[in-house]
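Participant: With the hints as a guide, bring the two chains together.
These protein sequence lines map, in sequence, to chains V and B. Okay, so the first sequence: first residue is 539 according to the working numbering, each after it adds one. Okay, so the second sequence: first residue is 134 according to the working numbering, each after it adds one.
By construction, these hints were calculated from the structure, which means they are not laboratory data. A hint or two may mislead.
As the list claims (entries may be wrong) - Per the computed footprint, the stretches of chain B lying under chain V, defined by three or more beta-carbons under 8 Å from a beta-carbon of chain V, are:
1. 194-200
2. 380-386
3. 399-413
4. 525-536
All C-beta atoms in this analysis are idealised placements derived from N, C-alpha and C, irrespective of residue type, glycine included.
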Amino acid sequence: MSTPGHPAAVAAVALVVLATVLVGGFGLRISRTTSDFYVASRTVRPRLNAAAISGEYLSAASFLGIAGLVLVHGPDMLWYPVGYTAGYLVLLVFVAAPLRRSGAYTLPDFAEGRLESRQVRRLVSVFVVGAGWVYLVPQLQGAGLTLRILTGAPGWLGDVLVASVVVVAVAAGGMRSITFVQVFQYWLKLTALLVPAIFLVLAWQGDGRPRVSFDEQISVFRADHPLYATYGLIVATFLGTMGLPHVVVRFYTSPNGRDARRTTVAVLALVGLFYLLPPVYGALGRLYAPELMHGDAADAAVLLLPARVIGGLGGDLLGALLAGGAFAAFLSTASGLTMAVAGVITQDVLPSRGVRHFRLATVLAIAVPLAGSLVVSRVPVADAVGMAFAVSASSFCPLLVLGIWWRRLTPPGAIAGLLLGGGSALLSVAITVSGAVRPPGWPHALLAWPAVWSVPVGFLAMVLVSLATPGRIPPGTNAAMTRFHLPEALTSGRVR
Amino acid sequence: MTGAGVAVIAVLVLLLFGTGFLLGRTARPVRTSDVGTPVEHATFETLHTASLAAPPLRAGLTEESARRSARRLRSLLGTDALCLTDRDRVLVWDGEGDHHGADVMRDVQGLLASGRDTAFHSDCGDLDCPLRWAVAVPLTVDHRVLGTLVAYAPRESAVLARAAGEVARWVCVQLELAELDRSRTQLIEAEIKALRAQISPHFIFNSLAAIASFVRTDPERARELLLEFADFTRYSFRRHGEFTTLADELHSIDQYLALVRARFGERLSVTLQVAPEVLPVSLPFLCLQPLVENAVKHGLEGAAGPRPYDSVRAGNEPIRITISALDAGAEAEVVIEDDGTGMEPERLRQILRGEGGTSTGIGLVNVDERLRQVYGDDYGLVIETGVGAGMKITLRLPKYRAGVHGS
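The shape of chain B in the complex, shown without the other chains (with noise of 0.2 Å):
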C-alpha cells in the first residue's frame, strides 16, 4: 500500500468519525409535515417548542438558563421582546430593544411586592421602538415571587396578556419541579450526613475500662494506649470533610486494632498487604474500620461469644484477619478476610436489606450504603461468607471520582 492511500484512507476516516459525531448530536427526530390540519399542526409546533424550553429551566432560574430558554419563551409568545428577571436584576433579554433592560426593574418592582400581573406602558424616548406596552406576570414558586416574566408588544393586547400569563404558569411549573430536584439533593446530603458513621458507646466503654486495667500493672503501656485512644478519637469525631485517604484510614484501623489487642491480649492476629500506590486513594470517611471491628467481632463471637452457630472454636485459638489493598488500574481493590463464625448468606441478605433486626451488620449496611450513594450502585459491598467458614468482604475504589477529595 502506498503512503498517500494511506493518507487518504486516515483523512476519510477522520471525515467519518467527525460526521458521524456531529449527526450524533444534532440529529432531532424529523418532523413530520403529515400531521393533519393547519390547527393540530400549530399544537404540535406550540408542544414542541415548549418541551425544548423545558430542560433548562429544570436547573432553576439562574442567568445560564434563562439564557437558554428565553428564546423559546418568547417564540411560543410571538412577541417581539421578551425579559425574565430574578428580584433583583434582569437576567436575560431576548429580543429587541434591550435599551429597556435598565428601565424593567423599576416597572416591575409593584409586582415582586404583590405577585400580580401588571400591564404597563413603556415610556422609552426612542420614536422609532416599537416597544410600547408590557405585560408583566409573576413566576410564583410556594407563593414566594422568584421573578418576573415581561413581555413587550407595540401596542396593548388582551391575547397577549392572556398568553403570558399561562406561559408563565408553565415556566413556574418547571420551577416547582427545580425546587423539589434541590430538596431532593439536599435529602441524599442529610442521609449521608446521618450515615457519618459513628464509633459505638461500646467500644469506648471497653477500651477505657481496658486501659484501666493497665494502669498499676504497667503504667507505660496505658499511657500509649491513651494516647492511642486520643488519636483515634479526634480522627473518628472529626466534623470536616466527608472523605479521607485510604492511608489515614488504615492509620486509624491500626490504632483501633491496639486498643482491641488491650482486651484480647494478642489472640488478634492481623496480616497487611498494601500495594504503596493506592495509599493515597480518596474514599468515604470511617468506611474500613466497621469492616474491620466487623471481622474482630466475627472472630470473637467463634471463640468467647454468644454462640448463635455452632462453634469450632476453643476458647483461646488465635483470630486471623487479613486485610489487603491492591492497584487494578483505575480503581483499588480492598479485602477484609477474617476465619470466624461466617454468617448464613441468607441471612446476610436480610441484614443488608435492612431487616437484620440485631446491632450486627450495621455497620455493613452503613458502609455499603454510603458506597453506592459516593460512587454508585456499581460499587457495593462484595461480602462472600458461609457459616464457619469465616467472611471475606471485597469493595472497590475508584482512584478518581469527580467531587471525592481525600483531606
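The following block holds chain V by itself, in its conformation from the complex (with noise of 0.2 Å):
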C-alpha cells in the first residue's frame, strides 16, 4: 500500500476532525433562538429526522467495507447493502411505533417500562454496552486503516486518533445529539461517495467500459460454508437494526408512533439510495486495482480508485473528498455509539449521576473498545459490523419483537433469552475475534456467524421460559400493551 496520499487528503482529514472537535467542544449553537413559541415547539419533522439516522447509522462498515467485500468476493456481497437496509424495513413493521410510544429513550428504558424489573435493565444495559463494543472495534480498525493508506502512518495512529477526537467531542461538548449535524453528516457522506462515483463511471466509459468479471478464483479465504455464512448475515442484518443503541435513541426524537414510521419509511429511502453507491466502488475496484484482492487491504479500496482510474489533482482532490467522507462515518457513528454506551453506563452501572461521571464512562466507552481494536486480529470492516449486528439480532430483537407484540412475556423469561441468545452471540464473536477457532470446518462458521442459530435460541427460550412462570406476568402489561399499540390521541383521552 505505497500509495501516500496527496496532502489535499490529509487535508480533508483534518478538517473533518477538527469540525468534529469544534462542534462538540463548543456546542454549535444550532438549536434555535427565536420569540416565536410557534417555530420554538415545531418538532423534527420525520424526514430531518431520517437524515439524522441515517447520518449516524451509515458507518464505517458502509463507506468502506462493503465496496472491500464486493471486489474480493464478488456479487455475493451485496447481501450487505440489502441486509443494512432491510433492516429498517422489519424495524418499520414492528417496532417503529409501539417503541415510540412507549416512551422510551433506551433499551433499558424499555425493559423496565415493559417487564417492571430492575433486573431486566441491568441485563440489557450490559448488553447495550457489549453491542456497543462490539460495533465501535470495527470503526475504530477502518479509521487506522484509512490513515495508513494516506499518510504511511503505522496502523495503530487511526485507531488512537479517532478514539481521542470521540472522547474530546463527546466528554467536552456533553450529552447533546444535535440533529442538524447528523443531518449535515448524512448529506456529508452522501455527497462524498456520489460525486467521485460519478466521474469514475464516466471515466470507465471512457475506457471504453470494460466488463467486470467476478470469475476468477478467490486466494483469500472468507468461509468454507458459503451459503450458509450468506443466510446468517441476512438473519443478523434484518434483526439487528432494531436493537442498535445509537439508533433506537433517535427514535425519541419523534413526536409520535405515526412520525416515527414516517421517519422509518424516510429512512428506508435514504440509507438505500447511498447503498447504490458502494457496490460501484466494489466492481470499478475488481477492475482497476485487482491487486487489493489478494492483501488484507481491499477496504481501502474506494479510497485508492480516484487515483487509479481518474489520477491526476482530479483524482487526489476526489481521494481528498471519499478520505473526509470516510472520517465523518467514523466519527458519526463512533461518536453516537460511545455517546449511547457512555449513557448506559452513567444511568446504570456507575453509582451516582453528574458531567463530571458521564466523562468518565465516555472514557471507558472507548478505552475498551480501543484496546480491543488493538489486540485482536483485523477481520474485515463489514463483517465485524455483521457481528455487532448478530449480537444485537440475538438480543434485542426477542426482546423487543416479544416484548411488544406478546403479552405473556416474563421477566425471568425475557433474563433467559437474552442470556442464552444474546450470551451466545457474545461469546460466539468473542472468540472468532480472538482466533481461537481458525477456519476451516463447522465450528468456525458457525461461531463467526452465529446469529442462524442464537436469534431462534433467544427467541425459544424467551417464549418457553416465559410460558413455565405465568404467575410472573407484570401486572402493568395490559395498560403497556395499550399504549404501545393505540394510537396516542386515543390513549390520552384528547381529541384535538
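Facilitator: See the structure below:
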C-alpha cells in the first residue's frame, strides 16, 4: 500500500476532525433562538429525523467495507447493503411506532417499562454496552486503515486518533444529540461517495466500458460454507438493526408513533439511496485495483480508486473528498455509539450521576473497544460490523418483538432469552475475533455467523421460560400494551 | 499476544463476572454454629425463618406473596401441609395432599363469617392420606378477616393449634404493615393530586378585564385573545392525566404570555431557545407555567409593583424573560431566567421551606415538591438569585421515568 495520499486528502481528514471537535467542544448553537413559540415548539420533521438517523447509522462498514467485500468476493456480498437497509423494514413493521409510544429513551428504559423489573433493565444495559463495544471495534480499525493508506502512518495511530477525537468531542461537549449536525453528516457522506462515483463511472465509460468479471478464483479465504454464512448475515442484519443503541435513541425525537413510522420509511429511502454506491466502487475496484484482492487492505478500495482511474489533481481531490467522508463516517457512528454506551454506563453501572461521571463513562466506553481494536486480529470491517448486528439480533430483537407483540412475556423469560441468545452470540463473537477457532470447518462458520442459531435460541428461551412462569407476568402488561398499540390521541383521551 | 491467549483471558473475565454476580446474589450472612445451647440455636433458627417469611407478606395477601412465604411459614409450624386462602379462594397450598385444596373453602366458611379459630377433621377418601386433622385460623386486619391460614396434621394436636394461632398473629402484623404501606402510597397520591397546580383566580379576572378593554377598540384582537383564553383554560382545567409533554406545556405558556401581553403591551420580551430533540419529553402537568408566571411577576415588581426592594427599574422598561430547553443526554435541562428584582437568597430559602407567608413563591414551592415526588430528591428546582440580579430557575427532567407518560 505504498500510495501515500495527496496532502489534500490529509487536509480533508484534518478538516473533518477539527469540525467534529469544534461542534462537540463549543456546542455549536444550532438550537433555534427565537421569540416565536410556534417556531420554537416545532418538532423534528420525519424527513429531517430520518436524515439524522441515516447520518449516524452509515458507518465505516457501509462507506469502506461493502466495496472491499464486493471487490474480493463478488456479487454474493450484495447481501450486505440489502441487509443493512432491510433491517429498517423489519423495524418499521414490528417496532418503530410501539417503541416510540412506549416513551422509552433507551433499550434499558423499554425493558424496565414493559417488564417492570430492575434486573432485566440491568441485564439489557450490559448487552447494550457489549453490542456497542463490538460495533466500535471495526469503526476504529477502519480509521486506522484509512490513515495508513493516506499517510503511511502505523495502523494503530488512526484507531487512537479517532478514539481521542470522540472522547474530546463527546466528553467536553456533553451529551447533546444535535439533529442538524447529524443531518449534515448524512449529506456529507452521500456527497463524498456520489461525486467521485459519477466521475469514476464516466472514466470507465471513456475507457471503453470494460466488463467486470468476478470469475477469477478467490485466493482470500472467507467462508467455507458460503450459503450458511449468507443466511447468518441476512438474519443478523434484518433483525439486528432494531436494537442498535444509537438508532433507538433517535426515535425518541419523533413526536408520536405515526411520525416514528414515517421517519423509518424516509430512512429506508435515504439509506437505500446511499447503498447503491458502494457496490459501484467494489466492481470498479475489481477492474482497476485487482491486486487488493490478495492483501488484507481490500477495505481501502474506495480510497484508492480515484487516483488509479482518474489520476492527476482531479483524482487527488476526489480521493480527498472520499477520505473526508470516510472519517466523517467513523466519527459520527463512533461518537453516536460512544454517547449511547456512556449514557447507559452512567445511568445503570456507575453509582451516582453527574457530568463528571459521564466523562469518566465516555473514556471507559471507548477505551475498551480501542484496546480491542489494537489487540484482536483484523477481520474485514463489514464482517466485524455484522457480528455486532448478530449480538443485537439475538438479544434485543426477541426482547423488542416479544415485548411489543406478546402479552405473556415475563421477566424470567426475558432474562433467559437475553442470556442464552445474546450471551451465546456475544461469546461466539469474542471467540471468533480472538482467533481461537480458526477456519476451515463448521465450528468456525457457526461461531463467526452465529445469528442463524442464536436468534432462534433467544426467541425459544424467552418463549419457553415465559410460558413456564405464568405467575410472573407483570401486572401492568395490559396497560403497557394499550399504550404501545393505540394512537396517542386515543390513549390520552384528547381529541384534537 | 496470541489470539488463543486473548480468548482464554476473555473467557476467564466472563467467568469471573458470572461468579461474582452469583455470589453477590446468593451470599447470605453465614450462620455461625457456636450459638450456644440447642434451645438458643432453635430460637435463632425460628427467628431467622420468620424474618425470611416477612418481606413477601409486606406486599399484602396475594397469590404471589402467599406463594413466596408459604414454605417458610410451614417450616415454622413444622406441619405436613399448609394452606393460605383469601376470602374467596385458595391462594397457595404448600406441602403434600393438595387434593384437599378443593374442600378448604367449604371448611373455612364458618371461620370467615365468625372470625374464630376452628379445627376440623378432613374427611379424605384416600386412606393413605396423612392429613386427617386441620386447624384454621383467621388473618385479621382492623377487625376484618382477610383470609385464613390452615395447617394440616395427621392427628389432633393442641401444640399445633397454639402455634398456628401465634404464627397467624405474626402474619397479621405483617399484613397490617402492608396495609400501612398502601395507605402511605395513597397519601402520596392524594398529595400529588392536591398539589396539582391551579391557575390563580386573579389571573382569570385580570385577563378578562384586559380582553374587555379591547372589545370596542379592537374587536378582532379581543376575539383572538378570547380564543387564547379558552384554549389556555381548557388545558389548565383538564382533569385527566398527571403528565404532559414539553411541547404542550410550551404551547400553554405561549397562550399565557399572550394574555399577559394584553395587559402590559409589548414591554414583555421573551426569548426562547429550545432544542427540538427534547420537545417530546414528559413532565408533570403545569410545571413550567408557574415558573414563567413567577418570572413575569418579578419583572413587573421591579417596574410598577409594590416595590418591596429598592428598585432600579423605570416604569416602562422592557421585561426580559429567557426560556431555554436543552438536550443533556438522558435528561432535558430547562432554564427560565428573568432580569427582574431577584430575591434575597435567605428569603427564598424560607419560601421553599414553606415559611414564606406571602403569596409569592407558592408556585415555586408547589413545582419543587411535585418534581421531587415524581423524580426523587435529586430533581428539585435549582434557583440562582440575588437582590437586583434577576432569577434563574433550572430544572432537569429525565427523558424516561417508569410511570411518567405524557399525554
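Participant: If a hint holds in the structure, say so; if it doesn't, say that too.
Facilitator: Each hint tested on the structure:
1. 194-200: As far as the stretch 194-200 of chain B goes, the hint holds, because 3 residues have Cβ atoms under 8 Å from chain V.
2. 380-386: holds (count 4)
3. 399-413: The restraint on the stretch 399-413 of chain B holds, since 11 of its residues have a Cβ under 8 Å from chain V and three suffice.
4. 525-536: As far as the stretch 525-536 of chain B goes, the hint holds, because 3 residues have Cβ atoms under 8 Å from chain V.
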